[in-house]
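Sequence lines, in order, name chains C and R.
Residue numbers for the first sequence follow full-length UniProt numbering, beginning at 1 and rising by one.
Residue numbers for the second sequence follow full-length UniProt numbering, beginning at 1 and rising by one.
One thing to keep in mind: the hints can contain errors.
Subject to a maximum C-alpha distance of 27 Å in a straight line, what follows is the list of computed BS3-like cross-link-like pairs (lysine-lysine) [claimed, not checked]:
| id | chain 1 | residue 1 | chain 2 | residue 2 |
| --- | --- | --- | --- | --- |
| 1 | R | 289 | C | 48 |
| 2 | R | 102 | C | 48 |
| 3 | R | 290 | C | 48 |
| 4 | R | 321 | C | 56 |
| 5 | R | 318 | R | 330 |
If you're looking for bench data, these hints aren't it; they were derived computationally from the structure.
Just so it is clear, the structure is predicted and the values come from calculations on it, not from any experiment.
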Amino acid sequence: MALSTAFYNTFFKRNSVYVTSIFAGAFAFGIGFDVAVSNVWDNWNRGKQWKDIRHKYQEADSE
Amino acid sequence: MLQRLPAAALSKAGAFSASRAVSPRVIRLSSARFASSSAASANVLQSLVYSRATLVSATLLATGSIAWYTHLYGTLPFIGEVHASSPAEVGLHPAAYPWSHKGWLDSYDHASIRRGYLVYKEVCAACHSLDRIAWRNLVGVSHTADEVKVLAEEVEYTDGPNDEGEMFQRPGKLSDYLPRPYANDEAARASNQGSLPPDLSLIVKARHGGADYLFSLLTGYVDPPAGVEIREGMNYNPYFPGGAIAMPRLLFDGVVEYDDGTPATTSQMAKDVSTFLSWAAEPEHDERKKIGIKAVILFSTLTALSLYVKRFKWSVIKNRKIVYNPPVDKTH
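Take these sequences, add in the hints, and give me the full structure.
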């Protein structure tokens with residue numbers, strides 16, 4: 001009960017805080033989800049993508 | 001005579017007979033009739049032979065075996081067919097090869113794309129154009145920007161007009177498209193005995209079987225079988241519709257030399273150039289699959305969520321019990 005009250009007081013009591021937390025949450029979730037899926041993708045396709053073989057051809061460059 | 005009819009007919013007859021009440025359980029009625037008229041063992045056999053289950057399973061067996069045969073051999077059994085052409089004349093179907101980018105989560109093998117570009121440049125580009133690919137498209141896919149700049153500068157492009165109103169030649173830039181081997185289709189036909197080497201930009205999408213077909217075609221050159229006559233200047237390839245293809249076999253072991261040390265066998269080159277042309281037809285492939293994963297995860301989560309919310313909101317209504325209390329008549 002105390003936890004839910006704290007939760008309510010933190011996020012739902014003021015509409016400004018509520019809306020802001022939704023926007024911030026969406027932003028954070030978007031980034032986190034992208035990073036998670038990219039990690040899975042890169043792990044699955046290890047050694048096949050351009051970024052995995054780029055170093056072989058870029059050593060001479062100063063980039 | 002009735003006994004020779006199948007169960008369904010009997011049950012219909014039973015339903016029509018005037019001495020019996022019309023009942024939904026007609027099968028029981030007809031078997032009850034047998035029980036009264038036949039010996040017990042004959043009755044069991046008879047009811048087995050005439051039962052509806054036997055009829056249904058025999059029908060299913062017959063239909064199923066015909067369907068299986070038709071699926072397996074492509075024609076109905078015992079019905080002869082005559083074709084003017086043989087299946088080989090529309091081209092053999094290619095085998096399904098385990099491409100490195102075949103799975104739902106698989107990206108292209110970019111080392112293979114790089115090798116495939118080399119094969120295209122050294123072998124295919126002599127006749128085939130790749131109109132929809134610009135030099136810049138290779139950057140970050142198979143080559144670094146500096147490498148592509150060098151590749152582009154090797155080619156002269158017509159640009160202009162300049163201050164005097166004349167066209168001039170300049171070395172290629174990243175924004176230029178890959179050069180065409182022939183100025184136009186007519187020139188291509190004139191140089192190839194009337195056959196037009198197709199543009200390869202979308203060839204993987206444009207042919208049945210896609211990359212499997214390309215690989216099979218490139219590695220499938222054989223001597224024509226007995227009775228098949230191939231005209232002068234044509235070549236036999238069972239995977240090509242009609243069998244006669246103007247393109248000769250061009251991939252032989254060691255035709256190109258890969259810079260990553262991969263042995264340049266015929267099948268390796270065919271696989272690499274097929275991967276390269278798959279990329280050329282679908283450059284968005286990797287990003288598309290990545291977005292697809294995200295979409296599947298998000299939309300399935302949202303679907304599950306909405307199903308749960310629906311059940312939750314409806315639970316009150318679905319569990320509602322309506323009790324009818326009849327009014328008590330107070331006059332008595």
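Hints, verified against the model:
| no. | hint | in the structure |
| --- | --- | --- |
| 1 | R:289 to C:48 | 15 Å, holds |
| 2 | R:102 to C:48 | 13 Å, holds |
| 3 | R:290 to C:48 | 14 Å, holds |
| 4 | R:321 to C:56 | 73 Å, violated |
| 5 | R:318 to R:330 | 35 Å, violated |
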